[in-house]
Amino acid sequence: MIDLLWLIPALPFAGFLVLILAGSRLPRIVVAVLGAGSVGFSAVVACLIGIEFISSPLVKTSFTRTVWTWMSFEGFSPSTSFCLDSLSLLMVLVVTVVGFLIHLYSVEFMADDDAYHRYFAYMNLFVTAMLVLVLADNLMLLYLGWEGVGLCSYLLIGFWYKDPVNARAAMKAFVMTRIGDTGMIVGLFLLYNSLGTLEIHELMVRAVRDWPVGSVMATVAAALLLCGALGKSAQLPLQTWLPDAMAGPTPVSALIHAATMVTAGVYLIARTHELFALAPAVQAAVAVIGVATLLVAGFSALAQQDLKRVLAYSTISQIGYMFLALGVGAWSAAMFHFAIHAFFKSLLFLGAGAIIMSTHHEQNMFRLGGLRTQLPVTFWTFLAGAASLAALPLITSGFYSKDAILWYAWSSEKGSVWLWLGGVAGALLTSIYTFRMVFLIFFGEARTKVYKRPGTAMLVPLIVLAVLSMVAGFIELPHTLGDVRLFSGYLGAVLPPVPIPPGQASLEGILGIVAAAVSVVGICLAYLLFLKVPQIADRAASTLAGRALHRLWLEGCGFDWLYQRLLVFPFVTIARINRSDFIDFFYQLAAFLAEGLHQGLSATQTGRTRHYAVGIGVGALIIIGMAVWL
Amino acid sequence: MNAVQLFALTPLIVLSASSVVLMLLIAFSRRHVTVAFMTAAGLLATFLCLPAVYPDLPQQVTPLIVLDGYAVFFIGLTLAAAFALVLISYPYLQNRPGRPEEYYLLLLLASLGAAVVAASSHFAAFYIGLEILSVSLYAMIAYERWSLMRLEAGVKYLILAAVSSAFLLFGIALIYAQFGSMEFSAIAARAAEGGITALVGSAMVLVGVGFKLALAPFHMWTADVYEGAPPPVTAYIATVSKGAVFALLLRYVNQYDVLASPQVLLVLTAVAVASMVVGNLLALMQNNVKRILAYSSIAHLGYLLVALVAGGALALTVVSYYLVAYFVTTIAAFGVIAVLSTSERDAAPIDDYRGLAWRRPWLAGVFTAMLLSLAGIPLTAGFIGKFYVVASGVSSALWLLVATLAITSVIGLFYYLRLVAAMFEQVETHATAAREEPVGSFAATAVLAVLTLLLVVLGAYPAPFIRLIAATVSF
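In order, the protein sequence lines correspond to chains F and X.
The opening position of the first sequence corresponds to residue 57 in my numbering, with each subsequent residue numbered one higher.
The opening position of the second sequence corresponds to residue 7 in my numbering, with each subsequent residue numbered one higher.
Heads up, some of the hints might be wrong.
Under 10 Å between C-beta atoms, here's a sample of chain F residues computed to sit facing chain X [claimed, not checked]: (1) W126; (2) S128; (3) L358; (4) Q361; (5) G425; (6) P449; (7) L450; (8) Y619; (9) T660; (10) T662; (11) A676; (12) I679; (13) M682; (14) A683.
So the derived label-pair ranges between C-beta atoms look like this [unchecked claim]: (15) F:G673 <-> X:E199: 28 to 34 Å; (16) X:F430 <-> F:V231: 52 to 58 Å; (17) X:T348 <-> F:V516: 54 to 60 Å.
Hints are computed from structural coordinates only; laboratory data are not their basis.
No residue lacks a Cβ here, since even glycine has one placed at the ideal position from N, Cα and C.
Please put together the full structure from these sequences, using the hints given.
Here you go:
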């Protein structure tokens, strides 16, 4: 079974090929079956392989299989190899299972769209690229998947390309992530040049062997890889593309811009964690960036009116938590939060999609309200996701994953009180904005009519994800609450545990209680400010300082404004001045020369046989002359 | 000649016998489909003989013919190409006026000539094979004798080929005068003597070979003949005829180590550079698709010459692979032209291809794949071929040739992509004539599909095929 590893990415790719080539001529039902079915089959294969892998001794190491060697020529043999270990298996399972649920949801959500087949083709291609990214055994192949998901993200943000706003959002996402990718590809060059391989395992071995901790090379290489991770995962200072990326269809936001692609940066750092451990300065930067991002995005989420934008900022903020965990060396806590986040955030996006569809594309939360009774299933599942996001203590998965991160932010050798404080402040913000959203949409008076209710294909994924958001966290419990270590034990073969200085352990319980209290306080505050006595919030927002702050947060803390002034405007101005680039002149000269030579040679093609015969004669003379006299 | 040697000759005997059978068949039955079927069957039967005789090889059969793995490979390639062209010719000829049956006879005879050339180890065998091939080709080009364009192309080819044959014969005579033998092995044994007579002779032989391969400066006929001949015949000239002659050239170069002589090296380098430059520049602004492919073939033979000059053990593999890729691409490209041609005229002007992707997407897809392969875009067979040529050039430090190849490939990209762009153009209201679907166009479609598949497989996963070449192709 495990030999069929290649099948996992191959199935969605086959779906993509069929849909893109013949999709426009297939009936919609066939398109839906192919689109969702290929990913579903892939998920089944992934689960079967996962079961076999976990129950075999391979789980302690890894399984690598070369699926394709393009050519082999004097030592140059570019090959495609997939590597399965506990980390990539986790990613594969999340990508295929969540991916399948979102595909299933899309079958109904996109049912009225004219470009049905195009949508599923892109989605299948995305799943393929994401699987290649996580299964790649070398950084070059990983980069192929990395760019592949970027392309699909671009295509799907701009899916409704006839509206220029969407096309612009797609372009922004592409360009912003490209800035990070440029750093990353330079990092790959550097790694290959100094260590002589891009095969990840071998690369890490050589890095640890050749580079001492804190050496310049290790720092530069890790920093360059971090650039790529920051762009893809929408972290400060490259986070501005993600809120605009909500221009795409909502299931796309759920799959690409919440559950999978944006966490690729987290995966990259976890995958190359040995390298980051060699560069303590960069790793500290990861933690600081994570905290800064989670705070900036948390404040921004607080002021948004568009439901999807709240979720977008919340995604940025939650990935900030993952970066915080990576920064303090809590690798498996980061991956744990990734998995749980994938469940509840895609659930929230899918719930948002159900709301938006039911109310004829109403995304402004202030024009929604009282939907609790009209959309009961959506309400309960959305509530489950929101509770998990707000880390409601004890009963939600989100509590356990976030609690672990906060605990390590304090207790790890690389952690500090300040990081912990930032994380806790973020947790407060999170539960406020989350329940602000819940109260505005589902409680209060009804401000919009429900035109249409979601059907089975949309409800099933909601329910499944809601269950996962609640219970999936119980595979990893803190010492104080049962001490279950299934998850970190499982990842232990790839990701080392966090070293905790002695004497800290006793704090775990207290910190957990603080985190739990913060979450509950946040929910109460949200209830007070946005449902019970909204006047307080209104009055605060109407003061001069309140208005300014509200505007700042609404605009995502002004990064777009800053970049527009600082980078885009000067760049465009320079480009305009240099419109007739003088370097082009040389190329035009080359083209002109080629055209002139073509004209000259064409003149010899007279079509007269006698001229041609002379040509042969002269050619013969030249050749004989060369042979004899040279 | 003993029984084993006679047995080794079976493929050539079966091919000759099929020609005779076909001739008798035509005398009694003028059913197009029967004749085409018999031709295909004859080619297939000959092809099946190859694995049967392979275990006993190599065999020197009389001083004239040698059957070794190398010969078997190129005979097989010839037969496969001829087979594909029969399937492409059938619907094409079905759609045209006149009796098509003798065309197949000529095609079989030409294939016999090509097979003899590929297996010859003696100048006499080479010359006879070449003439069987050429004479059949004259008739094939001018087969539709009511068309002035075909006649003009046929006569041009006849006259110029005669000129080049004269050079070839004179060259052979000079070599004979010096060495007293026309056997390649005997010549090779005395090659160290050198001498001006043999040198001039070799140069003159090169003129004759260069003409057949359409290498610059003997390339002038190419575009006119390509344009004038029916598309399947053009494909035949471009592939089988050139492939067999190139196979002979490589065999000759390998036995008689001419590359050791600096003059020959210089001449071959000059011819290769001239072919690459002239071919690509001539195609640049050309608006006739058949002429574009003609000029592009000049350039491709120039690329092949780079691998030949690089020499070494690698040259055999590289040339074999490149020729296969070139055969696949060229046959499929002319196949598309044949399918698009109407009963009145060939689909040669570039305007016929504007917006093709929207009218006939599959056909445009096949043509696009072929053009990309000719341009050497990765994941096509053309890329691997070009990669190997460059690699062998680099490993022999032929910097001038490699640089020329790189620069002219960029020029080539322009006209290939220009054609692709034309196919994907959005054409306003196009007054498309009712599509003629001649009988048996299924065969041509199937050939195109198989060739496209082959192109991608050879480009994406060439290793098994390269292993096959390395195992088969040896002297």
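Comparing the hints with the structure gives:
1. Residue-level restraint check for W126 of chain F holds (minimum Cβ-Cβ distance to chain X is 7 Å; threshold 10 Å).
2. Proximity of S128 of chain F to chain X holds as hinted, the smallest CB-CB distance being about 6 Å (cut-off 10 Å).
3. The restraint placing L358 of chain F at the interface with chain X is violated, with a minimum CB-CB distance near 49 Å, outside the 10 Å limit.
4. The closest approach between the C-beta of Q361 of chain F and any C-beta of chain X is roughly 42 Å, which is over the 10 Å cut-off, so the hint fails.
5. For G425 of chain F, the interface hint is violated, since its Cβ never comes within 10 Å of a Cβ in chain X; the closest pair sits about 48 Å apart.
6. For P449 of chain F, the shortest C-beta to C-beta distance to chain X is roughly 54 Å, which exceeds 10 Å, and the interface hint is violated.
7. Contact between L450 of chain F and chain X, as hinted, is not supported at the beta carbon level, the nearest pair being about 54 Å apart and thus beyond 10 Å.
8. Taking 10 Å as the C-beta cut-off, the interface hint given for Y619 of chain F is violated, the closest approach to chain X being about 36 Å.
9. This hint holds: T660 of chain F has a C-beta 7 Å from the nearest C-beta of chain X, less than the 10 Å allowed.
10. Checking T662 of chain F against chain X by beta carbon gives a least distance of about 9 Å; that is within 10 Å, so the hint holds.
11. Here the hint on A676 of chain F is kept, as its CB sits about 4 Å from the closest CB of chain X, short of 10 Å.
12. Interface hint at I679 of chain F: satisfied, since its Cβ lies 5 Å from the closest Cβ of chain X, which is below the 10 Å cut-off.
13. Here the hint on M682 of chain F is kept, as its CB sits about 5 Å from the closest CB of chain X, short of 10 Å.
14. Satisfaction of the interface hint for A683 of chain F is found here, the shortest Cβ-Cβ separation to chain X being roughly 4 Å, below the 10 Å cut-off.
15. Between G673 of chain F and E199 of chain X the C-beta distance comes to about 29 Å, which sits within the given range of 28 to 34 Å.
16. As the Cβ distance of F430 of chain X to V231 of chain F is approximately 26 Å, the hint placing it in 52 to 58 Å is violated.
17. Range check, T348 of chain X to V516 of chain F: about 56 Å between beta-carbon atoms, so the 54 to 60 Å window is met.
Violated hints, in rising order: 3, 4, 5, 6, 7, 8, 16; the structure is consistent with all others.
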